[in-house]
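Top line first, the protein sequences correspond to chains V and D. So for the first sequence, UniProt numbering puts the first residue at 1; every next one is plus one. So for the second sequence, UniProt numbering puts the first residue at 1; every next one is plus one.
Keep in mind that the hints were calculated from the coordinates and are not lab data. There could be a bad hint or two in this list.
Subject to a maximum C-alpha distance of 30 Å in a straight line, what follows is the list of computed DSS-like cross-link-like pairs (lysine-lysine) [to be verified]:
id, chain 1, residue 1, chain 2, residue 2
1, D, Lys244, D, Lys485
2, D, Lys57, V, Lys265
3, V, Lys247, D, Lys97
4, D, Lys297, V, Lys265
5, D, Lys408, D, Lys382
6, D, Lys215, D, Lys86
7, D, Lys4, D, Lys133
8, D, Lys57, D, Lys33
9, V, Lys136, D, Lys33
10, D, Lys74, D, Lys176
11, D, Lys104, V, Lys247
12, V, Lys262, D, Lys74
13, V, Lys265, D, Lys74
14, D, Lys297, D, Lys227
15, D, Lys81, D, Lys56
16, D, Lys488, V, Lys136
17, D, Lys244, V, Lys136
18, D, Lys297, V, Lys136
19, V, Lys136, D, Lys61
20, V, Lys136, D, Lys57
21, V, Lys136, D, Lys485
22, D, Lys297, D, Lys332
23, V, Lys247, D, Lys74
24, D, Lys56, V, Lys247
25, D, Lys76, V, Lys265
26, D, Lys374, D, Lys488
27, D, Lys86, V, Lys136
Quick list of the computed label-pair ranges, beta carbon to beta carbon [to be verified]:
id, chain 1, residue 1, chain 2, residue 2, range
28, V, Thr243, D, Ser111, 26 to 34 Å
29, V, Asp94, D, Gln159, 52 to 60 Å
30, D, Met299, V, Thr243, 42 to 50 Å
Think of the CB as a built atom: it goes at the ideal place given N, C-alpha and C, for glycine as much as any other residue.
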Amino acid sequence: MEKWTNERSEQFARLLQESVESYLENKDDMSAFDWAKSYLAQKLTDKAEQEVYKIADDIVNAIKMQTDSLQSLRNAEENGQSAEAWFTEETAFDDGSYGKQAMLLSAANEAFSEYDENTPEVEVLDTDFSDDNWNKYSVKELAAKVVENAAESALYTAFDVLSESYSALGVDAVTNADNLIGALRSGASDGIKTAAACAVNIASETGILPDPLTAAASAFISGMSVEKVIQEIEIGDGVSVITNGIKAVQDTATATAAASIKMAKEQIGERAGLIVGGTIGSVFGPGGTIVGERIGAVVGRACGTEVCDLISAGINKLSNIAVNTVSKAVNVFKNLLTI
Amino acid sequence: MTLKESLARYIDAGFPMIYINSFEEAKTDRIIKEVMGRHEVLEWNGAAGLVDFRTKKPLIKDRSLVAALDLLRKDKELDEKKLILKDISGYLEDSDKQVIALLKSMAIEISQELDANIIIVSSKVVIPRELEKFVTVLENDYPDQNEIKKLVQGFAEEQGETINDELIEAMSMAFKGLTEFEIIDLLNLALANEGRFTRGSLSLIFDQKQQMIKKSGILEMIPLKEKAEDIGGLENLKEWLKRKSRVFKSINKAAAFGVDMPKGVLIAGVPGCGKSLTAKVTAQLFEVPLLRLDMGKIMGKYVGESEENMRRSIALAETIAPCVLWIDELEKAFAGINGSGSEVTVRLFGQFLTWMQEKTSPTFVIATANDITKLPPELMRKGRFDEIFFVGLPNSNERQKIFEIHIKKRRPNDLNNIRIYELVNKTEGYSGADIEGVVRDAIENTFSDGEPALTTEYILSAINETHSLSEIMKESLDKLSEEYKNRKFKNASEG
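Throw the hints in and build the complete structure from the sequences for me.
Here it is as structure tokens:
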């Protein structure tokens, strides 16, 4: 894996800021999809119109899928359903095939275990995914592991502790900081997520990111990151208590994992498993985690000093809870960074 | 009511936890299958983890009990299902907090809203306090005589062997109290030993029952050496026992005649006057095995363990029946029952009383007690024991017999040279144990002095050196005698 250099970091930060500013300037005049199409076409001049269309479509769909997933999870938990049960239902196949579902869940688990020494290697997963070998209980058991992994990985993102280093990047408040803050506080943040995802995609396509990301992975990373910033603001503000904040961040990770799996369901057989593994690996692995942290840092700073202070306060409170995990995250990832 | 009927009833009534106390998993499985009908039934066992009860196919990868319970506890997963738990007594014995908490949480949910039951199957009853109010205990049935006959006949047919009716009858009597599993095992063993079924097969059954006694650790089989002639005196008691023995030796005939099954006798009285000896002689008279119940070993550590031990001991004695069940020093077993006795002791006592009142098995109880004032009055009510005898200090005739017995046992050739009447005169207030002690000491002294034969003088000398029981315990013995007279217990001695 290539390392992040100062140059990459500065370029990425600029891309993010420009993208968010552009979206905020135009959001009242066009849909997020139309803006994305137009912005990507401007930036990815070597791409054909159809390709740009597809990228924009993938990003917007992925963001929507992630947001819908998160809302569905929250509703389910309010009705007393466990995250595991919700996850099992979300990832079930219409034809009721437990074998196919198990394959995707196993792929997700394996992807998580690759990046976390604490996650036990799933006994090479059963390679037999025939329906005879699986049932609703074994599938729920697997789903519970994925949920646990996703929730745990959410804590590993160190709540932007690395963002302290971004003062060197010269990232500042955007012109429409109030609109940005409004979008974040009101929950209508899909557009911001889209803007961030487009920036990530552009960075990926132009080689700024050390490792390329798919449009969907860009969208999922952006979505999780923006949701985290929202929680940091609310905790810093005292609107939300710390445990709720942590839960909300974990739920976002769980919903993202579910969306990653749902997205792959239309593919056939092993290809679906590869897509799941690839998406989970990109989004939750070190590469995706660092990208997410940078998005959080830039979006946070883009809100201006006042909100930045709230975010810092929120990060401090959260970090105190996740201290051990934070240290671990720093240790795991620091060899990938130069700043 | 059979186990199947009880199980069906408690399941329909929505009892959250049913504890089936049984060694026979296969038989219990059969019963559960018949009762469950079309319900989805899950099982957790220590070998395979969570499985489908009917197919025994594992359902999840994690075989731990906690993982299975955690999975089923959430999202009303158990609704409209039954969960069978096997091999969990270890967790309950160890008071595994997590397991107990999970079970309690599930039991509460079942009580409040779920249509579900948890059925624990175990050969041991271990119920943590936290779960007590949710649990109902059921016992597995042992096959009755008819079922045993069918089992034996079915087995013989399968093996292509013939057994005559008489032998089937004898075997079905002998097999009573054994589980189906044990019966099939013994039938296989009998066939392997002799190639066919003979009366010799019955000794295998008796050996098996002896094994069960040994394994229990609570009952002890006592070898029978003593005869009625070994008891000096107690003629009333001996005569009474001889009459009872005639009934016991022909139980079926007596029952057909309308005679009630003899229950037992309580022998109270002065220590060292033949109470324990009587228990041994009784079994010999009745020609049945003698089992001794050690009440000290009944008490257990865990909730329900003492009652379970009592239940098992009684059940075991009844499987050996016909037999004599000897309970020594009964007042120590149920100490403090009248006042500050522990809850467990009170429950055990109740269990014992109920059994004494209601039993119909040919288990003749001989209970001995040194101090009857410490026994609760309920024990002595009509219907518990057939009779209560008082054993006092031996009178002169009895002391004569006792001297003769002990001298004849050890120095038969010297007996005619001993002036027994002199010894009798000198031993007013001596118990049988005192007299035996005196004879033993005299013989030892004779040998130590290098004398060739036991003489009256040596025994008189030993008497002079001895403090009799009545000397040591005069006051309490007088009190006891008065008590027995007031209560109008039958005197074990003549006159």
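Which constraints among the numbered hints does this structure fail? Numbers only, ascending.
4, 5, 10, 16, 17, 18, 21 and 24
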